[in-house]
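Trainee: Just so you know, the protein sequences line up as chains P and G, in that order.
In terms of our numbering, the first sequence opens at residue 33 and continues consecutively.
In terms of our numbering, the second sequence opens at residue 193 and continues consecutively.
Because the hints were derived from the structure by calculation, they are not lab data.
There is no bait here: all hints are sound.
Covered stretches of chain P (chain G as the covering partner; in silico rule of three or more C-beta atoms under 8 Å from a C-beta of chain G):
#1 160 to 174
#2 177 to 188
Partial pick of chain G residues on the chain P-facing surface, computed with a CB cut under 8 Å:
#3 R204
#4 T250
#5 P251
From the structure, some residues in chain P lie toward chain G, with a derived Cβ separation under 8 Å:
#6 P83
#7 N84
#8 L98
#9 S99
Backbone N, C-alpha and C fix where the C-beta goes; we use that ideal spot for every residue, glycine too.
Listed below are the residues making up each chain.
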Amino acid sequence: MSNLHAQPLLDVGALQQCALIDLTALPRIGFRGTHSADYLRVRGFELPEAPNRAVLQADGSQVARLSQTEYLLLGGLADQGQRIADEEVSWELDHNANYLLPRQDSHAWLQLSGACISEVMAKLCGVDLRPEAFPVGAVAQTSAARINVIVINLGPIDLPRFQLLCDRASLAYFKAAVLDAMSEFNGALLEPEALRH
Amino acid sequence: MKVMICPLNGPRNISEFTYGGEFKPMPNPDTCSDSEWAAYVFNSEDTLGVVREWWMHTPSSYWFLAERHTVTDDIIRTFDPRELFSTRVEFTAAQPQEIAG
Chain P
33 MSNLHAQPLL DVGALQQCAL IDLTALPRIG FRGTHSADYL RVRGFELPEA PNRAVLQADG
93 SQVARLSQTE YLLLGGLADQ GQRIADEEVS WELDHNANYL LPRQDSHAWL QLSGACISEV
153 MAKLCGVDLR PEAFPVGAVA QTSAARINVI VINLGPIDLP RFQLLCDRAS LAYFKAAVLD
213 AMSEFNGALL EPEALRH
Chain G
193 MKVMICPLNG PRNISEFTYG GEFKPMPNPD TCSDSEWAAY VFNSEDTLGV VREWWMHTPS
253 SYWFLAERHT VTDDIIRTFD PRELFSTRVE FTAAQPQEIA G
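Build the full structure now, drawing on both the sequences and the hints.
Mentor: As structure tokens, then:
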């Protein structure tokens with residue numbers, strides 16, 4: 033896999049074709065509880081209407097609903113996830129059923145983008161992630177490469193992309209497994225800077 | 193591959209699920225006898241036929257109930273536990289008994 037080392041140069045072509053970007057350094061948190069939805073709405077977040085759905089926020093943050101009462105918040109690149117990091121700091125335990133779930137150290141975060149992401153995932157995962165079965169806004173909590181992952185489809189039509197979250201301690205393994213699956217599609221590992229353009 | 197239908201996540205490979213034991217109504221821990229509590233915690237009925245069981249969808253840590261036939265291993269129905277648990281169960285901590293001495 034010598035051709036799959038991170039490329040510091042921008043590579044829009046690779047993004048469009050098949051690219052993996054490690055976003056583990058970006059902030060992310062979760063909230064859970066019967067009052068979490070009200071809490072997040074007051075904080076200005078637009079929430080998915082149903083479990084296993086996700087919504088892209090105006091500032092580029094992403095909110096995925098993992099169950100009736102659990103939400104996962106992913107930071108956006110525009111502010112380096114500062115808004116989400118601030119949410120972690122400002123939360124306080126009170127009498128409301130709204131509990132903070134630290135996700136920075138529990139989950140690693142990869143973004144798979146390009147025209148053939150569903151073909152790549154089909155090699156690793158039993159769930160049908162083709163656009164007709166897994167449209168934009170869908171979330172799948174499943175098993176890929178034999179470990180638990182959350183797959184979030186929030187890419188625009190012109191650049192399909194899946195956000196993949198897995199156990200943080202399994203990042204090296206999972207990244208290698210995805211890159212191996214990407215190799216037949218000329219996949220590339222890019223730096224997060226590639227997304228700025 | 194055997195497929196189970198998770199009430200939250202839809203049809204998934206059986207390898208994504210973890211078995212959680214037979215579903216049994218909990219006796220009142222304040223009033224039941226030790227043997228009733230032990231039966232609830234440790235013992236299994238091992239029924240031949242349709243049973244209700246706890247299962248968890250492991251990637252989402254979601255617990256639900258399933259009705260399964262223990263002979264044919266057919267999964268007849270899966271459903272959210274809120275169908276049976278509509279109110280929160282509160283436990284009052286028993287006062288520790290003072291040991292005279």
